[in-house]
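Engineer: Okay, here's what each chain looks like letter by letter:
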Amino acid sequence: MFGLRLTQLASSGLFGLAFALSVWLPTRRAGRAAFVLGTLLGLGYIGWRYWLAWPMTPMYLGTVAVPPVLAVMVLVTEQGNYGHSQKIWGAASLLAGLLGMVCWLFPKDFYLPFLKTATVFSHLHLAFTVLGKAAFLLAGLWGGCFFRAGQGSPEVYKRRLTSLTALGFGFWTLSMFSGEIWSYRGWGLAVVWDDAVIVTFMATWFFFTGILHLYLTRLGTTGTRAALAVAGLVWVLLVNCWSDLGPYRPPVFRP
Amino acid sequence: MRFKAKPSSSAVRLGAVLWRIIASTELSVVLCFMIALDTALAYPIIKNHLTTFLPLGEMRIFDWLATYGRFNLGHTAWFFILMGLLSLLGLNTLICTTIRVRRLVRNRAAGWFWKLGPQVMHYAVLVILTGYLLSYATIESLPGRALIPGGPPLKLSAALGSLSATVENPRLYQGSRLDFFDGWYLDPGFILELTTPDGNSFKSKVKYGQPALLGGYHFYLTDFHPKNSAWRGMGSDYMTLAIRRDRSAFVYLTGLGLFILGLGIYGADFFRKKSA
Numbered sequence: 001m002f003g004l005r006l007t008q009l010a011s012s013g014l015f016g017l018a019f020a021l022s023v024w025l026p027t028r029r030a031g032r033a034a035f036v037l038g039t040l041l042g043l044g045y046i047g048w049r050y051w052l053a054w055p056m057t058p059m060y061l062g063t064v065a066v067p068p069v070l071a072v073m074v075l076v077t078e079q080g081n082y083g084h085s086q087k088i089w090g091a092a093s094l095l096a097g098l099l100g101m102v103c104w105l106f107p108k109d110f111y112l113p114f115l116k117t118a119t120v121f122s123h124l125h126l127a128f129t130v131l132g133k134a135a136f137l138l139a140g141l142w143g144g145c146f147f148r149a150g151q152g153s154p155e156v157y158k159r160r161l162t163s164l165t166a167l168g169f170g171f172w173t174l175s176m177f178s179g180e181i182w183s184y185r186g187w188g189l190a191v192v193w194d195d196a197v198i199v200t201f202m203a204t205w206f207f208f209t210g211i212l213h214l215y216l217t218r219l220g221t222t223g224t225r226a227a228l229a230v231a232g233l234v235w236v237l238l239v240n241c242w243s244d245l246g247p248y249r250p251p252v253f254r255p
Numbered sequence: 001m002r003f004k005a006k007p008s009s010s011a012v013r014l015g016a017v018l019w020r021i022i023a024s025t026e027l028s029v030v031l032c033f034m035i036a037l038d039t040a041l042a043y044p045i046i047k048n049h050l051t052t053f054l055p056l057g058e059m060r061i062f063d064w065l066a067t068y069g070r071f072n073l074g075h076t077a078w079f080f081i082l083m084g085l086l087s088l089l090g091l092n093t094l095i096c097t098t099i100r101v102r103r104l105v106r107n108r109a110a111g112w113f114w115k116l117g118p119q120v121m122h123y124a125v126l127v128i129l130t131g132y133l134l135s136y137a138t139i140e141s142l143p144g145r146a147l148i149p150g151g152p153p154l155k156l157s158a159a160l161g162s163l164s165a166t167v168e169n170p171r172l173y174q175g176s177r178l179d180f181f182d183g184w185y186l187d188p189g190f191i192l193e194l195t196t197p198d199g200n201s202f203k204s205k206v207k208y209g210q211p212a213l214l215g216g217y218h219f220y221l222t223d224f225h226p227k228n229s230a231w232r233g234m235g236s237d238y239m240t241l242a243i244r245r246d247r248s249a250f251v252y253l254t255g256l257g258l259f260i261l262g263l264g265i266y267g268a269d270f271f272r273k274k275s276a
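These protein sequences, in sequence, are chains A and B. The first sequence begins at 1 in my numbering and counts up by one. The second sequence begins at 1 in my numbering and counts up by one.
Be aware that a few hints might be false.
[Stated by the list, open to error] Looking from chain B toward chain A, a few residues come up when the C-beta cut is under 10 angstroms (computed):
(1) Leu54
(2) Ala230
(3) Leu253
Since the hints were derived computationally from the structure, they do not count as laboratory data. Don't be surprised by glycine CBs; every beta carbon is placed ideally from N, CA and C.
With these hints in hand, go ahead and build the complete structure from the sequences.
Structural biologist: Written out as structure tokens, the structure reads:
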């Protein structure tokens with residue numbers, strides 16, 4: 001467990017360092033190297049947790065796994081050197097570092113996996129949940145950058161905000177469907193009420209359904225979309241990430 | 001003398017206004033946000049009053065509403081509100097979608113079929129919601145049936161007959177990755193045998209995540225003992241089952257398939273436009 005905690009801390013620290021370097025250094029290379037290293041360590045952490053629990057699903061990984069997955073999304077989509085792209089790298093580093101650090105201080109990694117999670121639907125449910133959260137958070141970062149940066153064409157922002165929200169919604173829907181099939185095959189029920197977290201999934205699905213439908217109305221301007229994407233970021237952090245946090249554990253290193 | 005019924009102009013106007021509201025996208029948006037808020041606020045309520053909501057899986061929904069729901073209104077009010085909001089959203093979705101589908105089919109503009117993706121998804125949501133309601137309203141459930149594998153048969157009911165079980169060779173947790181799980185059974189499997197009152201017997205395998213279907217009922221494994229191979233032979237071997245018959249499950253499962261089909265058509269349309 002010590003090694004796991006250390007890996008997670010190092011990953012979050014590297015994201016924080018990437019943010020600091022992107023602010024203070026004129027060159028991008030050092031910041032991006034820290035970002036990539038943080039991503040690799042974060043993915044290593046996910047792999048380690050999986051290796052321990054396999055073939056069961058690791059418990060409460062749904063938020064801890066978001067920072068590296070968000071970073072991978074940034075690495076895949078933001079290859080250009082445009083002004084808005086720079087802002088996204090910086091904002092993603094900051095969010096990934098902060099989220100990782102909060103998860104490190106309030107961990108929920110001490111729960112043992114349970115046998116009913118040893119099914120493909122449980123694994124799919126977790127994977128789609130993490131991908132959905134990362135896409136919603138990235139859309140929120142684009143929304144925030146629209147208000148702060150004032151760079152790039154509004155059309156680029158509009159396209160990105162729409163496609164990332166739609167992508168997140170698609171992942172979230174698949175997460176809910178795989179969870180539902182898991183529930184049907186494992187318990188014989190459409191909704192298992194053993195865990196209150198089930199309603200937070202519904203809440204987020206309806207929240208983003210509302211946002212996507214708002215795009216169809218007269219309110220669908222770039223500014224409104226950006227504001228809604230930021231609201232979505234806050235919503236996901238409060239409704240879906242909060243429930244994955246455990247009690248505060250002071251940072252004492254005892255190998 | 002014949003009178004021609006003439007609706008008053010104010011009634012017609014009111015009807016038109018109501019129709020415009022119920023068939024509007026703005027109403028869908030408001031309802032979605034209200035449902036989101038209602039379910040998000042329900043999270044701490046369910047967490048603190050889990051025992052009120054657990055029976056939802058074991059009894060029919062209208063029985064639950066009349067008992068647990070009615071007498072714990074302080075923490076079940078959100079559920080009643082949710083049902084009302086979902087009903088309104090269902091009506092709104094049905095009207096909005098049908099209007100758009102009619103328009104698409106009537107105009108038959110080039111590539112109209114590819115525009116059906118979102119409409120299929122909307123109808124799918126209606127099918128899923130209907131399926132949930134039917135499932136929760138009609139499910140037959142016999143939870144918490146315990147029996148000893150290799151032991152005497154368990155009498156279920158006069159109509160179903162009796163049930164016995166034998167253990168199948170299960171897979172063990174490999175290595176010492178998590179010390180706690182060393183030697184644990186990973187996928188406990190049991191062969192269930194149902195002997196009907198007329199003497200016929202049927203066999204099926206049950207595991208976690210793989211129910212057995214016997215006599216029209218699904219048998220779900222809910223617990224078993226011993227969980228560790230080292231504990232075998234210490235007595236207290238048992239398994240517990242939840243037995244359910246849910247004739248409406250296929251409705252919401254069909255809805256899931258329909259939604260994925262709609263998503264596929266939508267995705268194909270997106271890439272079709274992009275490549276054009």
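Engineer: If a hint holds in the structure, say so; if it does not, say that too.
Structural biologist: So, going through the hints one by one against the coordinates:
1. Taken as an interface hint, B/Leu54 checks out: its beta carbon lies about 6 angstroms from the nearest beta carbon of chain A, inside 10 angstroms.
2. Checking B/Ala230 against chain A by beta carbon gives a least distance of about 17 angstroms; that is not within 10 angstroms, so the hint is violated.
3. Hint on B/Leu253 holds. Least Cβ distance to chain A is approximately 7 angstroms, under the 10 angstroms limit.
Violated hint for the displayed structure: number 2, the only one.
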